[in-house]
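So in the working numbering, the last spot in the sequence shown is 90, and the numbers never skip.
Heads up, a few of these hints could be off.
[Stated by the list, open to error] Derived BS3-like pairs (lysine-lysine); straight-line CA-CA distance at most 30 Å:
{"#": "1", "residue 1": "Lys39", "residue 2": "Lys55"}
{"#": "2", "residue 1": "Lys44", "residue 2": "Lys55"}
{"#": "3", "residue 1": "Lys84", "residue 2": "Lys55"}
No wet-lab data here; the hints were simulated from the structure.
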Amino acid sequence: MIRQIKSYRENTFQKGIVGVIVLIIIAIVLFSYFGINLKELSNKPIFKENFSFVKEISITIWNNYLLPIWNNILKTPVLFLWSKFIGLLS
Numbered sequence: 001m002i003r004q005i006k007s008y009r010e011n012t013f014q015k016g017i018v019g020v021i022v023l024i025i026i027a028i029v030l031f032s033y034f035g036i037n038l039k040e041l042s043n044k045p046i047f048k049e050n051f052s053f054v055k056e057i058s059i060t061i062w063n064n065y066l067l068p069i070w071n072n073i074l075k076t077p078v079l080f081l082w083s084k085f086i087g088l089l090s
């Protein structure tokens with residue numbers, strides 16, 4: 001049973017990596033097809049400002065909403081269940 005779980009995890013992980021690589025290749029081909037230069041795009045001020053904005057919003061949401069929920073409600077039960085699950089695998 002444990003071997004089946006480990007085998008499933010390894011196969012899923014490998015499929016995930018292959019999928020990500022395929023998506024990256026497809027994205028690069030599409031950018032090239034439409035004539036989008038990623039180097040020029042990343043140097044534009046509007047591009048940098050947009051990513052900075054998304055980063056600030058993400059940090060705010062994490063610090064003000066998600067982290068307190070994790071620390072106050074979810075952390076203890078999730079870590080307890082995780083340790084039990086890992087104990088079953090070994």
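* Could you check the structure against the hints above and give me the numbers of any it violates, in ascending order? => 3
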